[in-house]
Amino acid sequence: MTMAHILELDFMLSLLSLFGIAVFAVSGALDAARKGMDILGFILIGTVTGLGGGTIRDILLGNVPVYWIMDATYVGLCIFMSIITYFIAPKLASRAKTLIWMDALGLSLFCVTGTQIAATAGAPPLISICMGVVTASFGGIIRDVLCGYDLILGNREFYVTVAVVGGSTYGILHWVGAVESLAMIAGILAAFSLRSAAIIWGWSLPSYQEKK
Amino acid sequence: MTMAHILELDFMLSLLSLFGIAVFAVSGALDAARKGMDILGFILIGTVTGLGGGTIRDILLGNVPVYWIMDATYVGLCIFMSIITYFIAPKLASRAKTLIWMDALGLSLFCVTGTQIAATAGAPPLISICMGVVTASFGGIIRDVLCGYDLILGNREFYVTVAVVGGSTYGILHWVGAVESLAMIAGILAAFSLRSAAIIWGWSLPSYQEKK
Amino acid sequence: MTMAHILELDFMLSLLSLFGIAVFAVSGALDAARKGMDILGFILIGTVTGLGGGTIRDILLGNVPVYWIMDATYVGLCIFMSIITYFIAPKLASRAKTLIWMDALGLSLFCVTGTQIAATAGAPPLISICMGVVTASFGGIIRDVLCGYDLILGNREFYVTVAVVGGSTYGILHWVGAVESLAMIAGILAAFSLRSAAIIWGWSLPSYQEKK
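Those protein sequence lines, which keep their order, are chains A, B and C.
Okay, so the first sequence: first residue is 1 according to the working numbering, each after it adds one.
Okay, so the second sequence: first residue is 1 according to the working numbering, each after it adds one.
Okay, so the third sequence: first residue is 1 according to the working numbering, each after it adds one.
Just chain A, same shape as in the assembly (with noise of 0.2 Å):
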């Protein structure tokens, strides 16, 4: 890759963490609208959803401080999205669909950034592609437990088995060799394919009572 390559991939790389972090932001703020918060409920929850993932990522692979620490973009837009959120909600006609489709987009980008931001510090594949389960799922996880919601949803759907294919398909493109931009875009493309097909067909894996 020559050096414009590679700026430009980190350009689109960092729109495409932007975007996410959005996304997952406003996706804990509807949660926050659904269990009746005031204002700085909603940035709570849309902070710790939109950061949360990546933050226990860099925290467990020791990327200290943790990336929005030093650069106030990231907090600034959780701040803001959470704030549109809290006067658009209202008027958003389907709140439950809107906010699936929004957690499909986020999660497909986040499983193969954690992925990757996890290999390039030297990770085993196996550990890589669970750091981009954290890094997709575990915003999410922290804003269940906030809101008190029972963890067995997110479960279904196939969430995490979407997070373990878009990092899966990264991963195997990326240690084979491929254009870097290539295999995350393969990722993302791959994740958000079978959250799609999750969604719309309503698949899930079956859960230990039905197998029983």
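Everything labelled a hint here was simulated from the structure, so no lab data went into it.
Remember, it's a predicted structure, so these values are computed and weren't measured experimentally.
Heads up, some of the hints might be wrong.
[Unchecked claim] Result set (DSS-like, lysine-lysine): computed pairs, CA atoms no more than 30 Å apart in a straight line:
(1) C:97 with A:97
(2) A:35 with B:97
(3) A:91 with A:35
(4) B:35 with B:91
(5) C:35 with C:97
(6) A:35 with C:35
(7) B:35 with C:97
(8) C:91 with C:35
(9) A:35 with B:35
(10) A:35 with A:97
(11) B:35 with B:97
(12) B:35 with C:91
Guided by the hints, dock chains B and C onto chain A, whose structure is given.
Using the frame of chain A, we list chains B and C on its own:
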């Protein structure tokens, strides 16, 4: 500032921190009383409430080992206060009221010291104030999660607003170059006044449902 | 100690750690069974329970990347044990009983290794014993929070007391200069004996309500 002033300030800060940790530990232990826990539950919830906010701040900033690892004073103080609370809790006439005023004190101290520590570590203003909020409120948030309380309660009565006001008051004075001790006292007083008013007159932000 | 002894001890320690992680993962996966989760829920809860305590210990001590990042054995083992549990759980006659004895084993191992790691890192005695308690119990606490269980249950039957006794027994022998392997075995046996007695005779600390 002369060296003597710096030493005085450091000493004052240490004392204030210990006082804040002690009151948060008592507040946590009183929650353990409400949940009917055994003495180790008191110690666990008391210690987590006392040290949790600063611990998360240190982890996010990369200040590791976190502040209480190499000096047993902090953990020792929390354990001591939790045990004391275990034995005197039944004698406290109005537990809820005691709890809320202790919380107000700890909150006012921690939002200022948290902001200060992050600002000193080079974090931008927005992030520094967030670290003040984290220091002041995440001990209580972890306590609420562990006790199974509804998070909404923690957001009422201006709790986070108070931390933002305290941290910002300190921050503005700090960044314009005011004497450090003055900036801190102003921040603590601003936070405590607002919190007191909110408690006395029952102020709260409108919740999303009320607004609708 | 000769080099051969040190290598033997290291090998024994690694084996014990892996055994403790495996039984905690199974115990977590059995909880996922009780909540009727899908196979990914089993893996999530199993892995978090197996690695959670040591992860929080490492984060607090600043041992980052945490111990399972650069070596996929730990996460691989947790995933493997969780999957096995998913398929054999229905055949386990008395799930609750199996769960409690496995927990007892993991608890006894982790309170000692956790204390040892913190003491080696230079933490004072009180903090080292606390790190033993954290290593032994925070995986289970995270599991309980994720599964929505009431925390009080986790504090009964001497759970934390056992970790304190195991860590202190090891610690006293360690600090007076006993042979390391002897100190560890003594700590593990002390913890396991107390826990066994507590399980068999149903010992528990008086709760606050009973005391009143």
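We went through each hint and held it up to the structure:
{"no.": "1", "hint": "C:97 with A:97", "in the structure": "43 Å, violated"}
{"no.": "2", "hint": "A:35 with B:97", "in the structure": "26 Å, holds"}
{"no.": "3", "hint": "A:91 with A:35", "in the structure": "17 Å, holds"}
{"no.": "4", "hint": "B:35 with B:91", "in the structure": "17 Å, holds"}
{"no.": "5", "hint": "C:35 with C:97", "in the structure": "17 Å, holds"}
{"no.": "6", "hint": "A:35 with C:35", "in the structure": "24 Å, holds"}
{"no.": "7", "hint": "B:35 with C:97", "in the structure": "26 Å, holds"}
{"no.": "8", "hint": "C:91 with C:35", "in the structure": "17 Å, holds"}
{"no.": "9", "hint": "A:35 with B:35", "in the structure": "24 Å, holds"}
{"no.": "10", "hint": "A:35 with A:97", "in the structure": "17 Å, holds"}
{"no.": "11", "hint": "B:35 with B:97", "in the structure": "17 Å, holds"}
{"no.": "12", "hint": "B:35 with C:91", "in the structure": "36 Å, violated"}
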